[in-house]
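Engineer: Here is how the chains run, residue by residue.
There are 2 protein chains.
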Amino acid sequence: MKNLIVGQSGGPTAVINGSLYGVVTEGLKSTEQIGKVYGMVHGIEGFLGGQYMDMDTDMTKDELTALKTTPGAFLGSCRYKLPEDLSDPVYPELFKKFEELNIGYFFYCGGNDSMDTVSKLSRYAASVNSDIRVMGVPKTIDNDLVLTDHTPGFGSAAKFVASSVREINRDSEAYDKPNVMIIEIMGRHAGWLAASSVLARCEKDPNPLLIYLPEVPFSEEKFIKQLKAAIDEHKHVTVCVSEGLKDAEGNFISEDSVETAVDQFGHKILNGCGSYLQSLVKKELGVKVRSVEFNVSQRCSSNCLSATDLEEAVMAGSFAVQQALKGETGYMIAFNRKDGDYGMECALVDVNDVCNREKTVPLEWITDDGSNLSQEFIDYAAPLVKGECQRPMKDGLPVFAIRNR
Amino acid sequence: MKNLIVGQSGGPTAVINGSLYGVVTEGLKSTEQIGKVYGMVHGIEGFLGGQYMDMDTDMTKDELTALKTTPGAFLGSCRYKLPEDLSDPVYPELFKKFEELNIGYFFYCGGNDSMDTVSKLSRYAASVNSDIRVMGVPKTIDNDLVLTDHTPGFGSAAKFVASSVREINRDSEAYDKPNVMIIEIMGRHAGWLAASSVLARCEKDPNPLLIYLPEVPFSEEKFIKQLKAAIDEHKHVTVCVSEGLKDAEGNFISEDSVETAVDQFGHKILNGCGSYLQSLVKKELGVKVRSVEFNVSQRCSSNCLSATDLEEAVMAGSFAVQQALKGETGYMIAFNRKDGDYGMECALVDVNDVCNREKTVPLEWITDDGSNLSQEFIDYAAPLVKGECQRPMKDGLPVFAIRNR
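Line by line, the protein sequences give chains E and F. Be aware that the first sequence starts at 1, since it is given in the numbering used here, and climbs by one per residue. Be aware that the second sequence starts at 1001, since it is given in the numbering used here, and climbs by one per residue.
Hints are supplied without guarantee of correctness; some may be wrong.
As the list claims (entries may be wrong) - Partial pick of chain E residues on the chain F-facing surface, computed with a CB cut under 10 Å:
(1) 163
(2) 173
(3) 303
Stated by the list, open to error - Reference listing, derived: stretches of chain E covered by chain F, where coverage requires no fewer than 3 residues with Cβ under 8 Å from a Cβ of chain F:
(4) 67-73
(5) 389-396
Worth flagging that the hints you see were computed from the coordinates, not collected in a lab. Only a predicted model underlies this, so the values are computations on that prediction, with no experimental measurement involved. Don't be surprised by glycine CBs; every beta carbon is placed ideally from N, CA and C.
I would like the entire structure built from these sequences, with the hints used as guidance.
Structural biologist: Below, the structure is given as structure tokens:
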């Protein structure tokens, strides 16, 4: 009987541990086919350094329950890119370690870069006739993975965004004076999360009146014109923007305004398009303006867990185990939306078709003036934020599962 | 039979509408003593301009229920200071408007400045032998009002802070590398809210390891030393700071920063003290560091309502009405903590003794090294964040009461 190992990689989300919970509970349940259930600590990188834990004996039952609603990567994450060359010695090294633990099933939970890892490991396994089954479980608040209706993590982040924007709208209307609130939302290349701010609108409050995504080139002139019209009509205006707004030449709009740095993947670290636009509005319109950056809370708030999202995250994890037990390998779990009433079915997609690609918001879901979302987008996003989750609480604060050190 | 009017003033909180709910429901209930229940729109300033509403006929029953958990100032707020000189014509103008609406009871919900309004109006009423009863209902997330154990609004803001810091701690530990997370929390002169981040700690996670308040002069040298020691011991370090940190000379630390970036318009990018410290840490220690500013969400998040706080906010409102009906005037509602198990009793304090004063965190509750809180503070703050609130929800998002325009 073979053992199972699961790892987490890339930026954490509010429900990445929900998927971990799904893999672990399904693994522990499958006592006739699976021996031990291990967790890689800090992904492939930590595992290569000998870090792993036993998900049965190294955590209590209460911790396993709390795991489901704990944000961040319980197992620890990494940003480790496997070499393109499958003849690199890291591959046999890794598979030797798998062998030592008698691993038959490997699950990796992450976004684009993690699916790249799944792709390489499954191809390497095939090339050496290993029977280890390698599966990818998707997660990313950015919702930018292809071949799936959406990704676990997006729904809860979208719920945090819509709910927080709705709250800030209440705060912004306190005074009887025109004011502009600019809210900067994560999403460097895909505007899914900023777009979901549209759900904050309600019958008596049309804010956010303006929403700008990286999918459409941003024109400062047009923005100021649209903003002025919105202020004239509504006095209080909330503007939601993706952090990755770019001009017609494809440069991030805040690029030349402040010092920018580059991370180890060569990604530019952005320094605040919200605060850039705040300066612009102050200069051009002289109106009271403030900017807010939701920052990491949008990917780690468990206050705003979407029950739909969490349920699907758990389901993706357990479905991955079930499929691996059936012999499948080299796949990512995807969601297909059922027609009619909202409902999701899990499916398998070739991980090679997923990795290193990016799904952006369809242009036909963005209105012609580039500052609003269509009803199609609302119909798409609204079901994903539905339902509330109960978290274990103690003394008024959430109880989280934390790995032993 | 006289009518009642209630107004809101100053910066809104998550439970200022809870107090409004308390005043309104108690007023509507007192059918034998109170005729109509009015709300001033945009406080004294809006009322002088003729803005008010009927709290019974101008809102639905569902809206009244939703009001209790709606953040922001439902009635609209103002920042309007009445003249010191009680012979100013604005006073008879205001009282003439009270007379036109047959007002016998006036309630004003706010912080320091609003209590100044209550003080002046009650003194003016006495000077002209008016029988209008004037009462102050406290609110402020800053918790800086004197003569009361704490203020409504603080408990929910403290819960938001502690809960969000605990979530961010999970996010920050994802990678197996030293990193520093600096969280900037509201409080320009009083550090109550930043101090409450101490409640985020739990058995397996000692973060935030460092907490700095404006009550203690901030030394950059000492901070870097303390931070270096914390990183060496714990690898992942969360630092919580009040926005109002000052150096030994009493200057805000980010004020004269040479690091302050200038945007392309030549405007200084307003660095909060969090981003200032982020630059400092990067320069001095070269470690991975990020800063987060909770911004307005800490005063308007209804996701993190403390049931204790909301209950007390409602209680303060209804107690104010009860006392006014007994003939009291010129008081602010205060809370006295009962000995033993946590419990609050409402009391009356002379509003003249409250306004224009400020209560800061007692120095004996701050540890000698200036970077931590004592058990006394924890015992003080912990009960205030307890208990969860159910909000009316629709489609996964909170439903708020919004005034008709």
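Engineer: Now, for every hint given, state plainly whether the structure supports it.
Structural biologist: Status of the hints after comparison with the structure:
1. 163: 6 Å, holds
2. 173: 6 Å, holds
3. 303: 4 Å, holds
4. 67-73: holds (count 4)
5. 389-396: holds (count 3)
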